[in-house]
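Peer 1: This is what each chain is made of:
Protein chains: 2
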Amino acid sequence: MIIIAEKINGSIPSVAKAIVEKDAEFIRNLAKAQSEAGADFIDVCASVDTAIEVETMKWLIDLVQEVTDTPIAVDSPSASVCAEAIKFCKKPGLVNSVSLEGDKIDIIFPVIANTKWECAALLCDDTGIPKSSEKRMEVFAAIMAKAKEYNIDPSRLHIDPLVEMLCTSENGIKTIVDVMAKIKAQYPEIHVTGAASNISYNLPARKMINQGFVVLAMNAGMDSVILDPLNRDMIGLIYATEALLGNDEYCIEYINAYREGAFGTKK
Amino acid sequence: MIIIAEKINGSIPSVAKAIVEKDAEFIRNLAKAQSEAGADFIDVCASVDTAIEVETMKWLIDLVQEVTDTPIAVDSPSASVCAEAIKFCKKPGLVNSVSLEGDKIDIIFPVIANTKWECAALLCDDTGIPKSSEKRMEVFAAIMAKAKEYNIDPSRLHIDPLVEMLCTSENGIKTIVDVMAKIKAQYPEIHVTGAASNISYNLPARKMINQGFVVLAMNAGMDSVILDPLNRDMIGLIYATEALLGNDEYCIEYINAYREGAFGTKK
Chain A
147 MIIIAEKING SIPSVAKAIV EKDAEFIRNL AKAQSEAGAD FIDVCASVDT AIEVETMKWL
207 IDLVQEVTDT PIAVDSPSAS VCAEAIKFCK KPGLVNSVSL EGDKIDIIFP VIANTKWECA
267 ALLCDDTGIP KSSEKRMEVF AAIMAKAKEY NIDPSRLHID PLVEMLCTSE NGIKTIVDVM
327 AKIKAQYPEI HVTGAASNIS YNLPARKMIN QGFVVLAMNA GMDSVILDPL NRDMIGLIYA
387 TEALLGNDEY CIEYINAYRE GAFGTKK
Chain B
147 MIIIAEKING SIPSVAKAIV EKDAEFIRNL AKAQSEAGAD FIDVCASVDT AIEVETMKWL
207 IDLVQEVTDT PIAVDSPSAS VCAEAIKFCK KPGLVNSVSL EGDKIDIIFP VIANTKWECA
267 ALLCDDTGIP KSSEKRMEVF AAIMAKAKEY NIDPSRLHID PLVEMLCTSE NGIKTIVDVM
327 AKIKAQYPEI HVTGAASNIS YNLPARKMIN QGFVVLAMNA GMDSVILDPL NRDMIGLIYA
387 TEALLGNDEY CIEYINAYRE GAFGTKK
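Keeping their order, the protein sequence lines are chains A and B. According to this note's numbering, the residues represented by the first sequence are 147 to 413, in order. According to this note's numbering, the residues represented by the second sequence are 147 to 413, in order.
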């Protein structure tokens, strides 16, 4: 499982405060903790006024790179901010994200075309998030056509079918599970990702919904996820699910991760 | 989800002690707590010397029935003890269990033939637990032939495909998930059950493995489970999974269970 660590995000009040107060130590600690918890990418999202977004991204990315070698996921609703932020990174990371909205994909794909950068791609377009799985697969097909055009291998893409809140759903997660399975069937080497906690908006005891979702999504082929790696129960459940799904013979990785303290009672 | 509450079992040291010391209050409290936590059946297993098993079952069953109307699951490795224990129950419950071992099924099925008793049936025979899913399906077919012979409707059966420990498995839970899905496809009205915690024998942080297993087994059709209903995280995860699988429109049951205090932070 590829873990994209979500905690350095200006939409989180404590991070917003650290950005305003230039609290470098807070950001460094967050980067270090997430890296040590097993993050594969450290997501960096400024969530500030566009006038200062690029400089804030640079400040955050520099701080993260002071304390860890874990690649960075440059995260902005603006494709051009992502394109700028790429320049601050010492090694290839992940662009979070493109979609068929506006010219995002035509800004980002040329920039990463001949690099090792990976890219998250959301299955939405200018009309919003398609309701049916058929429509989302049409958006997917259009994204893959663009990827082919820019010679971006499927293995560099993390397709996010867009996790929507369960509380307004009539058929649970049937649509998203269906889309995930179809994508993996078409491109076994592609990554399927999602922002796990979106599923539980407006519900109590969100942890329960998030946990169940991650297990079922992994079963459908999700192999990349945006979440808080400091959530030890979730990390343990992910290792457990890998073993249950037959991806961890004799539970060796599960046992090793436990011994290294990734989950279970804190030592 | 049908919850068969497992805690009144003489193989648990505190229960064994209560049996030896005739600590009626301990047993009554355990019955009451499990019933209040939402158990559909209270399993009663003496796990004592065969010479005193029937009288111990009677003592336990009487105590349970003093404090709750929740039906009882009479649980013994001996079919004739189960047949005796049925007589102590005020209302129909569940026999736990038969299998193709020895004459178990020919002792129990005639006793419950014209009643509303339900019955758990394990997919094993005198040769033990079959390795392949094909062999388990053969045992299943033989059990269903017996059920037909005694006119026991599939809706009264809880088929337990036998959860084995994950740590010695090479392909995770592929076999059991396969068997569960096949059984449900053949008989949509049958119940598929399992002893959740068997999956995690010999592994650390067993909770993680048990939780992942229950979610994946529910996805494969498991609609009955033997577990500790006082495990609030597991109960919450089960409600969450029902909603995720589309069995709880707009999460109404999930939200109600939360409001009633079945899971989440204790009020």
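Please note that a few of the clues may not be correct.
Identical chains share a label here; the pair holds if one copy fits it or two copies do between them.
Listed next, the in silico DSBU-like pairs over lysine-lysine satisfying Cα-Cα at most 35 angstroms (straight line) [stated by the list, open to error]:
#1 K412 to K353
#2 K412 to K178
#3 K292 to K412
#4 K178 to K250
#5 K178 to K277
#6 K281 to K163
#7 K237 to K277
#8 K320 to K353
#9 K320 to K236
#10 K236 to K277
#11 K168 to K292
#12 K330 to K281
#13 K277 to K330
#14 K262 to K204
#15 K328 to K277
#16 K281 to K178
#17 K328 to K168
Treat the hints as calculated values from the structure; they're not laboratory data.
Peer 1: Indicate, hint by hint, whether the structure satisfies it.
Peer 2: Evaluated hints:
1. K412 to K353: Intra 19 angstroms, inter 15 angstroms, cutoff 35 angstroms: intra and inter.
2. K412 to K178: Answer is both: 18 angstroms inside a copy and 33 angstroms across each meet the 35 angstroms cutoff.
3. K292 to K412: Classified as neither: same-chain Cα gap 46 angstroms, cross-chain 51 angstroms, threshold 35 angstroms.
4. K178 to K250: For K178 and K250, only the intra-copy Cα distance (31 angstroms) is at most 35 angstroms; the inter-copy one is 59 angstroms.
5. K178 to K277: Neither, since 39 angstroms and 46 angstroms both go past 35 angstroms.
6. K281 to K163: Close neither inside one copy (40 angstroms) nor across copies (62 angstroms); limit 35 angstroms.
7. K237 to K277: neither (37 angstroms within a copy, 48 angstroms between copies)
8. K320 to K353: Classified as both: same-chain Cα gap 20 angstroms, cross-chain 26 angstroms, threshold 35 angstroms.
9. K320 to K236: neither (40 angstroms within a copy, 42 angstroms between copies)
10. K236 to K277: Neither: 39 angstroms inside a chain and 52 angstroms across chains, both beyond 35 angstroms.
11. K168 to K292: neither (39 angstroms within a copy, 74 angstroms between copies)
12. K330 to K281: both (17 angstroms within a copy, 31 angstroms between copies)
13. K277 to K330: Answer is both: 20 angstroms inside a copy and 30 angstroms across each meet the 35 angstroms cutoff.
14. K262 to K204: within (20 angstroms within a copy, 70 angstroms between copies)
15. K328 to K277: both (16 angstroms within a copy, 31 angstroms between copies)
16. K281 to K178: Cα proximity of K281 and K178: none, with 40 angstroms in one copy and 51 angstroms across.
17. K328 to K168: Answer is neither; intra-copy 45 angstroms and inter-copy 59 angstroms both fail.
In summary, the numbered hints that this structure violates are 3, 5, 6, 7, 9, 10, 11, 16, 17.
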